[in-house]
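J.: Here's the letter readout for the chains.
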Amino acid sequence: MALPSYATTGDKIWYYTFRVICFAIFFFLLAPILVMIPLSFNAQPFFSFTREMMTLNPDGYSLRWYQDFLGSDSWMRSIRNSFIIGIAATVLATTLGTLAALGLSRSEMPFKGAIMAIMISPMIVPLIISAAGMFFFFSQIGISGTYLGVVLAHAALGTPFVIITVTATLVGFDQSLIRAAASLGASPTRTFFKITMPLILPGVISGALFAFITSFDEIVIVLFVAGPEQRTIPREMWSGIREDISPTILAVASVMVALSVLLLVVIELLRRRSERLRGLTPG
Amino acid sequence: MAQADAADIAPEMQTERNGRLTTADGTPLKAALRRAERRRKFAAFLLVTPLLAFILAFFVFPIAQMMWRSVDNPQVVRALPQTLEALEDWDGETLPSEEVFAALHADFMADVGRPRAEQVMGPLAVRLNYELSAARSAITRTSRQVADFQPPYRDEFLDAHRLWDNIELWRVIEREGRPLTSAYYVAALDREFDSDGNIVLRDENRRIYVQLFIRTILMSAAITFLTFALGFPIAYYLSILPTRYANLLMIAVLLPFWTSLLVRTSAWIVLLQQQGVINSALVAMGIIGDDGRFSMIYNMTGTIVAMTHILLPFMVLPLYSVMRTIPPSYLRAAKSLGARPSTAFRRVYFPQTLPGIGAGGVLVFIISIGYYITPALVGGQSGRMISNEIARHMQQSLNWGLAAALGTMLLVGVLVLYWLFNRLVGTDSLKFG
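Chains A and B, in that order, give the protein sequences.
Read the first sequence against our numbering and you will find it ends at 283, with the numbers running on by one and no gaps.
Read the second sequence against our numbering and you will find it ends at 1433, with the numbers running on by one and no gaps.
Hints in this document: simulated from the structure, not taken from any laboratory.
Everything numeric in this text was worked out from a predicted model, so none of it was measured.
Each residue gets a CB set at the ideal place from its N, CA and C atoms; glycine is no exception.
A hint or two may mislead.
Claimed, not checked - Residues of chain B clear of chain A, computed beta-carbon distances all greater than 10 Å:
{"no.": "1", "residue": "D1025"}
{"no.": "2", "residue": "G1026"}
{"no.": "3", "residue": "Q1065"}
{"no.": "4", "residue": "L1095"}
{"no.": "5", "residue": "G1177"}
{"no.": "6", "residue": "P1179"}
{"no.": "7", "residue": "N1205"}
{"no.": "8", "residue": "L1212"}
{"no.": "9", "residue": "S1260"}
{"no.": "10", "residue": "L1271"}
{"no.": "11", "residue": "G1289"}
{"no.": "12", "residue": "P1327"}
{"no.": "13", "residue": "A1339"}
Unchecked claim - In silico DMTMM-like cross-links for lysine to aspartate or glutamate, where the CA-CA straight-line distance does not exceed 25 Å:
{"no.": "14", "chain 1": "A", "residue 1": "K194", "chain 2": "A", "residue 2": "E108"}
{"no.": "15", "chain 1": "A", "residue 1": "K112", "chain 2": "B", "residue 2": "D1025"}
{"no.": "16", "chain 1": "B", "residue 1": "K1030", "chain 2": "A", "residue 2": "E108"}
{"no.": "17", "chain 1": "B", "residue 1": "K1335", "chain 2": "A", "residue 2": "D11"}
{"no.": "18", "chain 1": "B", "residue 1": "K1041", "chain 2": "A", "residue 2": "D174"}
{"no.": "19", "chain 1": "A", "residue 1": "K194", "chain 2": "A", "residue 2": "D174"}
{"no.": "20", "chain 1": "A", "residue 1": "K112", "chain 2": "A", "residue 2": "D174"}
{"no.": "21", "chain 1": "B", "residue 1": "K1041", "chain 2": "B", "residue 2": "D1025"}
{"no.": "22", "chain 1": "B", "residue 1": "K1041", "chain 2": "A", "residue 2": "E108"}
{"no.": "23", "chain 1": "A", "residue 1": "K194", "chain 2": "A", "residue 2": "E275"}
Unchecked claim - Example chain B residues on the side facing chain A (calculated, C-beta under 10 Å, incomplete):
{"no.": "24", "residue": "A1043"}
{"no.": "25", "residue": "L1255"}
{"no.": "26", "residue": "V1277"}
{"no.": "27", "residue": "S1280"}
{"no.": "28", "residue": "L1377"}
{"no.": "29", "residue": "N1388"}
Please build the complete structure, drawing on both the sequences and the hints.
T.: What follows is the structure in structure tokens.
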């Protein structure tokens, strides 16, 4: 929005001050994340830019922290754990959540409000409370310190996101398509896989992504419920920060930032595809 | 009337016997419809059942069970059944009679006979110690000697540990000799029972939790205000930009949103610590001396800065989605009618953004009030929040009843806030990404 030609000096001053303020805030948002990337190549074990780095001297840079990261058994195991737990929790959350969203978006669903409230609750309840509850319960039923326990807990945390995204997709869903399929002789299962599923797929996938990220980034439950065998990446970073904070953390963090950029792109593409399919924006 | 309509639409329906509409196989239409509806309801419910069962079993039930712990009080009842029975006639003023001590001896002896895993004196010692320090040593020391006691038991007990001579111990046993207790809530509110059984404030230096709750609320309010102050301008800026540029700048909001919480927390450690980027830059520029480095982390400042950064996207996204829907022509109309820009903003634009401010504000407040990780990592002593205290009682002091009481209070607070939020704006305005 450019300034109109009749703008007064005061308008002009305000126009530019406002933009400066906004860019300062954008800087505040991005800089802390981006500053870690060059620092992760620091040849020295410091958290500040050395003189060599400032003068772009190649001696000031090294890959030693990435070597540390990639050569460490515990980091590698935590990556494996994060993916095992994340994928299992996502599959569980997405399956259960999609089914429930299909049921919840039917007009004849009884007690819709109450059921929705219960299903959204894992998103509202502070994590420390969920973790405390699961800590007691899981040790009683003997799944504390097992993969199963962490997967179940993470699946519970991920389902609200699946329900919200899939329900949102179903709002624009044309129910007459289902009747049309049925009138042409398709069984309900066939209708689901041939008609419903392809149309709600963007919602399901973005719900699944949310569920995966929830699990991938979750730490409080892991601290309380997981055993030493189930240490995930955030858990490893937690002890890294608490015990001996070394620039290896920065190497890991930079890799994670790269991952989130990738994720951001995938989600944006999905959103555009979904809007195109639903005819919200022209191709 | 309805019947006539139905007959018009469905001429193949037959009117039989007493003039009621029936389907082709002779069942009354109403009943058939009702059955079909019930079947559809059942089918819808069947789709929801697996998740509902899962959430109830692995989420709602564990939390309910944890809340139960905040009033559950089995230790004294289980360990001292005979003593409690004998105490029923006790006057509460003088040392109990020999009869009570004999019952106490019987309770101790009953425990000696139990297998180790089922012994109840250990939990009893821990439980009584919450109410009266030194109770733990009284119980454990007595347990070791009790097998050699000879009647009269009273003197033997008084010899074993002087606490048995203390009326307060007996009052605690009598008070906590019930299956439910309010003691954890009394402690969570910085209160205790005085010797007459009245609830009174604790000594000043032992009051922790009320202050911590207040601090948590104040910090959350400060964080909410800061996210609002920073989020409002950029949400407005994004909303007036052409979509193409807005989407591009949106990355600055979404990238932090999608970046791991621990990554963002460590970023702030890197920036703010004494040997960190900001302090080193200030020293290098000669603004501060090497010994004048600011301590900006491991205190309340660090927690507030890091949490503002982490929660800012939660404020910007709802604000932005509301601001997008406000037509810019309203502001122009106000100005053309003679309003100064500030008046137009205050009276026309701002009120329309209130739903977004409400949604973002409550969201940020609810999230920050239960935040654990960031205060634990960068909070130090002064930046601790209530969740950190809950975690400490869960993992270190192992006072699970107190952890449950604090947790229940926090949970109730959050649920009330969420309920208000729902009344004001509705969950539909929650959007992600």
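J.: Can you list which hints this structure breaks, lowest number first?
T.: The structure conflicts with hints 3, 9, 10, 15, although it agrees with all the remaining ones.
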